[in-house]
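Peer 1: Chains as they are written, first to last, in my numbering: chain A, 6 to 667; chain B, 244 to 550; chain C, 829 to 1172.
Hints are all accurate, no fakes.
Part of the chain A face toward chain C, derived, beta carbon under 8 Å: (1) Gln299; (2) Leu306; (3) Ala329; (4) Pro330; (5) Asn441; (6) Leu455; (7) Asn456; (8) Pro457; (9) Gly468; (10) Val520.
It should be emphasised that the hints constitute simulated quantities derived from the structure, not laboratory data.
For clarity, every value in this text was computed on a predicted model and none was experimentally measured.
A virtual CB, placed ideally from N, CA and C, is assigned to each residue, including glycine.
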Amino acid sequence: MKKILEVKNLSISFNTQNGEVQAVRNVSFDLFEGETLAIVGESGSGKSVTSKSLLRLNPAETTMLKNGQILYNEKNILTCREQEIRAIRGAEISMIFQDPMTALNPTMTIGSQIAESIKKHSTLRGNQITERVHELLQLVGIKEADKRYKQYPHQFSGGMRQRIVIAMALACEPRIIIADEPTTALDVSIQAQILELLKNIQKKMNLSIIFITHDLGVVAKMADRVAVMYAGKIIEIGLVDEIFYHCQHPYTQGLLAAMPNPDIETNTLYAIPGTPPNLLQPPIGDAFAARNNQALKIDFLEEPPMFKVSDTHYAATWLLHEQAPKMIPIHQQLAQAERKEREKAPVFDTTKPYLTLQGVKQHFKLDKNAINKAVDGITFDIYKGEIFGLVGESGCGKSTTGRSIIGLNILTDGDIHIDGRNINEAKTKQEKLAFNRKVQMIFQDPYSSLNPRMKIADIIAEGLAIHGVPKSEWRAKIYELLNIVGLTKEYANRYPHELSGGQRQRIGIARALAVEPELIIADEPISALDVSIQAQIVNLLKKLQKERELTYLFIAHDLSMVKYISNRIGVMYRGKIVELAESHELYDHPIHPYTKALLSAIPLPDPKLERERQRIIFNEAEYNATNRESESFTEVRPGHFVMLTEEELTQYDQVNSESIPL
Amino acid sequence: MIRYIFTRIGYMIITLFIIILLSFLLMKALPGSPFNDERLPETQKELLYKKYGLDKPVPIQFGIYLTNLVQGDLGISFVLDNRPVTKIIQERIGASAILGFQAVTVGTLIGLLLGIVAALRHNTVIDYGATVLAVLGISIPSFVFAGFLQYWVGVKLGWLPIAFWNGFEYSILPTIALAVGVVATIARFTRIEMLEVLNQEYILTARSKGLSNSVIITKHGIRNALIPIITIIGPLTVNTITGSLVIEKIFSIPGLGEQFVNSIITNDYQLIMGTTIFYAVLFVSVILVIDILYGFIDPRIRVIGGE
Amino acid sequence: MTTEVTDNATVKKYPPDLFEPASQSEFVDNFTYRPEQSFWQDAWLGLRKNKAAIVGLCIIILVILLAIFGPFMNSHGYDEQNLARTNLPPKIPVLENISFLGLNGVDSRGVDQYEAKGISEDFWFGTDELGRDLWTRIWQGTRISLYIAFLAATIDLIIGVAYGAISAFYGGRTDNIMQRIIEVLVGIPGLIINILLILILKPGIISITIAMVIVGWISMARIVRAQILKLKTYEFVLASRTLGASNQRLIWKHLIPNTLGPIIVATTFTIPGAIFTEALLSFIGLGLQPPTASLGTIVNDSYKLLRIYPHGMIFSSIVISLIMISFNLLGDGLRDAFDPKIRK
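With the hints as extra help, turn the sequences into a complete structure.
Peer 2: Following this line, the structure appears as structure tokens:
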């Protein structure tokens, strides 16, 4: 393998109001021809800064290059002249950014945006450029290239825009592509398409890709090699199988254990405690030591060097020192612990559901002629003590369903019963308040879900105030709630902006618990959080559910997390529930074509599995073109409902009557 | 787009109607106004009664007033020898139009230049200098500035004529006085817009393509920054025209503004009303035209559809 | 692989006790990233970094103090005429010795008017054509101008906040109708409506204020509406609603406190606007009637004497410009302080 890019001892700091943030600290790695190197890390780990510095794209005013070299073609990118770096940008190394909505110039046609770099770096002129752009658009799978060439970015969907960004990056046949979280802003099925596109193009053009991501599933799908970053350092680097199956650093182990693996049964996720260190004053020793409850004394005193595990695998942890004690890796510990206590599947009282939705419709009038049928006739029950998962891609109506249940919208049609009472019948103030006590909500965005002008104590106490709890009882109650969600009393006097995302989410949970609800609607409660924090919140939610016998409606787009936490799952597509079953059943025997496609689109954190997997493609156009008037929600297997037309149902019966024994 | 234009025109008509109604009621209510003056000479009274049907009920009077307006008849100035207001406006509008046009175009161009340069040299002496100039330009009242301009450049240095309207050199000082506010507002707005645009991710995309700074700034930066600036040119033009009332008075320019101020001093109510309505139509049209222009220039509004 | 492996580290021997597990006490809860501070403290810190805004704030305080106490600092009344001492140039003790300042009582023709007219008293800003003391008049005028501006800004604020908040909070039909009304009103050119109203009401403090408020509140209403519409979609407002909060609670605990920033900024910009409008009206003959004086009428009066006795125009212009500049600087600073997005 030929080395194409070499990063040596790179250290970068940023000047901020509060001082110097050491964003990247002594990072070294190589990139080989034709490989995909994934750089994994949580927010603030320095992965994006590293990738931008490869093209010297960090903002010049605030960036301080402390040390290091980036060698490409015997040139040091960090010190070469502006002219030289411009000749490399776009032509030799190009970049794909995270958000296709903002990465394209809104007032320029996409054709001319792609043509720009061709004009700059090649000798093609006039019609040749137009032809080349057409070629590129076809390459990235945009049909009717000649027509779409002249369109503006706002005329394309998010996935299409990301294809255009990719076409732009490929325009001059570069040798290296840096993809900075290219699919984070996209839905899973679109993500799968984009990832496959990148893989195909890589093969065709023998590209080297540096793939920045926080999603271990995507890493398993895409990477040949993986570098794990934490607090501005690469703490482990190796082949993808080495990282996923033989990782050495406790952080890597923790990250992997924090991901629910749909194929391994566990009852609790491993959650890395605490939050990443503040890079204004990076800790001495191993930066991860403070969050590692098996840390050695030396971890707090001296920074571990890169120890060699194999020719391709290196890790910076003192555990690899010959004097170090032999430890059982975290993920294996967890698996052992799990074997000891295996929970029985819970049994629910199915005769008296706690929540019932019957033909619920929620339409919104957009303007005179257009109606958004956000929720279009859904029926399901949730039993007392159950965790019901509701999944689907953006715009499918899952969040609207949650908001309708809690009464934030006035129903267009249908009935919702909670604990046997119809919510439409709650008319007086008292009745409404009683209802509000029973159902509470946890929100998605930890930054907008807390009022920035209120202290934490007041935020938690809001429910107490509204429901007339005497003021004298508040203090004790607030402390108790903080304790329940795993925070200390000291937080009561703070303001939200002083807290991290995970801590804010805990406050949101405490606020909901204050009125002692029975049903909690969790609307994407973890999707804005980092992987290690996600596990903390999920574990907290599960623990609370058990201790307080709560019932959850868990809304999410991340199917693997939903499968892990839920008893039953409903899959939503275009305002309807198309499939509903127990989570194992749904996962093992999906029937609806949409569910099948959705399940196969989720990248799993298991590279061997990812290599074998074939994605099932949901032909949306064909599905919507068929006459669906006769469709009904049918129980095809015990407790397993699917939305099928009569025709599809007969087809299903024919195929399955012999093959799958019930 | 067409629907949008029609709604806008609808609002414009309602707005104008309110202004006209207000003007009319004012004429009826004010003691000493021609509609309401006992001491008016018999000949003029007759003229008025014939023209506006002052013996008929008030709604019908308003109807007549409105019909006259639509036909371009803004009434008669009794102070200025019974001359039709429309005529007076026609005579006076020329100088005002030249002055206003010069001030807005010169001011906009200089303002854009200043704003762009300030943004590109963000946090340098140039940026601070431009920002200080902009704050001064917005803060110092135009009549104060005009007064001192006249005093120092005109009287003390004697470089340029300080009054009247006999050729281009007579328009220089009043144009400068009027344009200062335009320069300051545009420069300030352009600087902020430009900084905002330069922070957008598509600028980073453009940089990652290897484009040179000048291409990035002109093709991706300035073009996107200019679009929102169009929206403030409407109100700015309106401000400039109102500003010209005072500037024309200070420089004794025989424009519409000067006439308007004089008519206030001499209580020439017909002329006040006529000019007010004329100004209102002008302002509302300018804003409308700019709004429509904006729709055509921004592809996000012009081109609808896609997926 | 060029990843550097420090071989001596693998070989180097460490004291064995370093490889024992660390005690639990070595874990620190590192949640404190910033010292505790409230939103207001945060905004104040942001504002304090902006030197221009602080200078503006200081000047505003100074001008307000002078507007209150300035007229009492000598024995002259603002309308006290004395034809024996007309058009005296300014003369300030001590400063009169610095010749280029022109504060020595010598007029543009080089005649010491104080000697010529035999006046022993010093008039700091000089006198006008009726022999009135300009120091007293200018601060008296400042007082009236500021009074009109603050009054107009306060009424704008009350109407604008109420209108914007109701429109955005209730939404739907209410919002629709209220917005259509605004769209009609916003088309009315402000100065024109001012002129018409003052013609009806006759110039006076109240009529000028009312005339300015008639269209002035609209921009405040729009700002408040936009902010509340945005806040309404924020999850903390939804959270409060799901807890069963009343409308009163939503408005006063969640929406208004989070709208204060934009409201304060808008008001800071309204004040110089009002001072300017008042001055402009004075200049076209619709200002306060004598003997009452505002900054605008003083500028207008002294403009007529600019070529012979420039001191009146100079002092009144400096004061009015200083007020305008200070409020604009403060407004800019406040906007940056309340909006962390712009903060560098």
